[in-house]
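Protein chains in written order, with my numbering: chain A, 1 to 439; chain B, 1001 to 1165; chain C, 2001 to 2222.
Worth flagging that the hints you see were computed from the coordinates, not collected in a lab. The reader is advised that the hints may include incorrect statements.
What the hints assert, rightly or not - Below are the DSSO-like pairs computed for lysine-lysine, each with C-alpha atoms no more than 27 Å apart in a straight line: (1) B/1018 - A/189; (2) B/1118 - A/213; (3) A/282 - A/13.
What the hints assert, rightly or not - Which residues of chain A face chain C? A partial, calculated answer using Cβ under 8 Å: (4) 55; (5) 63; (6) 125; (7) 148; (8) 150; (9) 269; (10) 270; (11) 271; (12) 272; (13) 273; (14) 276; (15) 301; (16) 302; (17) 386; (18) 388; (19) 393.
C-beta atoms are modelled at their ideal positions from N, C-alpha and C, and glycine is treated no differently.
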Amino acid sequence: MAASAPELLPYAKIREDLFRPLSSASARYWITICAALSIVILGLSAWGIQVRDGMGVTGLNRPVFWGFYIVDFVFWIGISHAGTLISAILRLTDAGWRKPVTRAAEAITVFCLMIGGMFPIIHLGRSWLFYWLIPYPNPRLLWPNFRSPLLWDLVAILTYVTGSVIYLYLPLIPDMAQLAEHNVPWRRKLYRILSLGWTGSDREWHALERAMKLMACIILAIAISVHTVVSWDFAMSIAPMWHSTIFGPYFVVGAIFSGIAALLLVLGILRRTLGLELYLTKHHFNNLSKLLLLMSLLWFYFTFAEYQTVWYGNEPSEMAVFASKIRGPYAPFFWTMVVCNFVVPFVLLGIRKLRTVTTAMISSVCVLIGMWLERYLIVAPTLGNPRMNAASGLYLPTWIEFAITAATFAGMIVLYLLFSKLFPIIAVWEFKPHPVEED
Amino acid sequence: MADFREQSKLEAAILALKAAGIAADDMDVFSEEPIEFRRGILDRPSRMSLVAVLGAIITGGLATAGVYAAQHNYRLITGGMPVFSFWGTGVITYETTMLGSVLATFGWFLWESGLLRKRDKNIPVPTVLPGVMCLRVRCFDPHVTRARQILDSAGATDIARKEVA
Amino acid sequence: MSIDLDRCTGCEACVVACHAENNLPVSSPDQAEKGRTAHWIRVDRYYEGEFPDVKVKYRPVLCQQCDNAPCEPVCPTYATYHNTEGLNVQVYNRCVGTFYCANNCPYTVRFFNWFAPEWPEPLQLQHNPDVAIRPAGVMEKCTFCVQRIQRGKRDAATENRPLADGEIQPACVQSCPAEAMVFGDLNDPESKVSKLAGSGRSTLLMGELGTKPKVFYLERAK
């Protein structure tokens, strides 16, 4: 029974367990970081080749002008909704089981946003001029076009990044204060600076709690708007099967879905590698699995509604896109997506006997694959089947795009590994003893 | 300064000290985790919500005005569509409103918690052990013995007195 | 502009002329296979019927210079906008290569410079000095030969006379052997193009989208 009540462990043991990863690193850690870093370097050199030679080194063509980069962009921004949902909503509903999960989730948000935010720069034909999208006074009297959904993207993502970093940083302050007695001198200094001289007085706690409550509400409002704005990159155009009013909520649901999957995966890995079985219990995974199942059902509802409407409406240009997805060249991806996003979670997580930590992790991996495919299926078939069907085309990505995509996954691993070594991955101060909750 | 291990005793001590005439502003409780006091014991009025809303409105308004000025500065022929459309820039208004509230909340938090204010170096800050709540009372000489009495009778452990110039 | 589909023979002289006039880059066969060729005006062929009763219809498609262009509001850097003469202009210096305009164009008439442009010898000697050579990473499309429009206006201004109808001809209009294309001022009700646009045979390509294109296709109603 002790395994289901981590809050009842003696406080000294909690501190020791959660601070232990910060003082040592195993060989496995170094190998993983080196491998991931080498993939990141490969991706960076791929991007360098693209900048030097031109966008022609990718698989993009006319009419498929957006490909992997936009898919990755939407995918990563989508995953970033993990932290917001878990942290903010559960904080607002005062659900106790969120406590060991929040910081990992908030970290996912920040890093995914950082990675996702790179893609609007990577996908540009002239990446080195990306700063022209930022409104700054210049002698040429040039301003960006605020009517463009891409500018809305810029503002929304900048807001979200700022909000998430602050939201991650605020609850980190008390832990930084506790870590100020670390053994390594430069880390002592780092923690002391980051803790801003936190003393633990009730004034500080009070202000922190008020700020967290406010931030939870605000960040929730921001998160919902951010992925809606990203979806409006597509919905505001008149391309067939993009110009759909459902895209706003559809993308938000998809984002939360993929975010929970990513969170589950990360927590599962953390649990095993850092030995946190006492803190990330089956209870947490059970709750997260239930959430994942719920989002899978919601996603299925939205997808079904979208496709049913298109099919029944039978409008020629939309049906061309629809046919290419269901029966045409994109059919294998489409049906894989349905299996990964709906069938697998439904079976593995819906049947109570099958719902374990391992099956939850398998479902998460499937969902992540499925959601990436879903983004791909939103971008490529529509562009490949434009309204003037004399101009149709197929999208065949090259190694450059694969390399950059792989590099983002590797980059996420690097960032997360570094984070888990510098900061406690579970918020120590939130572990106040409180009664056990029922499953 | 006095250490307590039980919240009820701490609350009793605070009430007793307030009854003896020591203001709530002169008392500080240090702990490793937030303590939820009942209402009326150690209330700290906060203006954070107001600041957040104000920050939101100001930033959102400034951003929209900025967009308006920019659109009119760079006049383009829109073929009948308006040069500045409120709903077209509505997203930017909304996002900058949120950004304003985030920054205002964070900034006000730093101020209200005292983290960024100039600290009086002479006032001692206790090192807190886990599970312990330390109550620090600031008072002048005649009150000190009375305060000690109250703290003692409330069941505090390890009462210490520090002289401040 | 008006294009008479009943006169068009599909010879693609307009395509070649446009290439020559506007310094369009030459593609290689494998780039063409990847879908990277740029033809600011292209002739789409539509086949009807079975052999031997095959009928072919030709439709030259170029930038329609829409009055309500979907490509204009979505460019984040204002690289494409409407000028006072009703042309949808593309500013090459300002384009950062977001590709949004091309995605939003229902006619798929926008082209991207995937690589720095190249011409096999000796074609690079044939460049038109009035037209910029676009670097890699920018979007381009038909400009209604804006350099010829500017030249025509300048000549008329120096000679102190108004522009005559039919004086300015984009390269495609000039080269069409069937005289299927007519270019002129739609604001002038007496111009040939206005009369043709108002005729009973005048149709718009995907006009129901509300883009208000300014290329009128003349064809016999079925």
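Comparing the hints with the structure gives:
no.: 1; hint: B/1018 - A/189; in the structure: 39 Å, violated
no.: 2; hint: B/1118 - A/213; in the structure: 26 Å, holds
no.: 3; hint: A/282 - A/13; in the structure: 20 Å, holds
no.: 4; hint: 55; in the structure: 5 Å, holds
no.: 5; hint: 63; in the structure: 5 Å, holds
no.: 6; hint: 125; in the structure: 2 Å, holds
no.: 7; hint: 148; in the structure: 4 Å, holds
no.: 8; hint: 150; in the structure: 4 Å, holds
no.: 9; hint: 269; in the structure: 36 Å, violated
no.: 10; hint: 270; in the structure: 38 Å, violated
no.: 11; hint: 271; in the structure: 42 Å, violated
no.: 12; hint: 272; in the structure: 42 Å, violated
no.: 13; hint: 273; in the structure: 40 Å, violated
no.: 14; hint: 276; in the structure: 43 Å, violated
no.: 15; hint: 301; in the structure: 28 Å, violated
no.: 16; hint: 302; in the structure: 23 Å, violated
no.: 17; hint: 386; in the structure: 5 Å, holds
no.: 18; hint: 388; in the structure: 5 Å, holds
no.: 19; hint: 393; in the structure: 4 Å, holds
The structure is inconsistent with the numbered hints 1, 9, 10, 11, 12, 13, 14, 15 and 16, although it conforms to all the rest.
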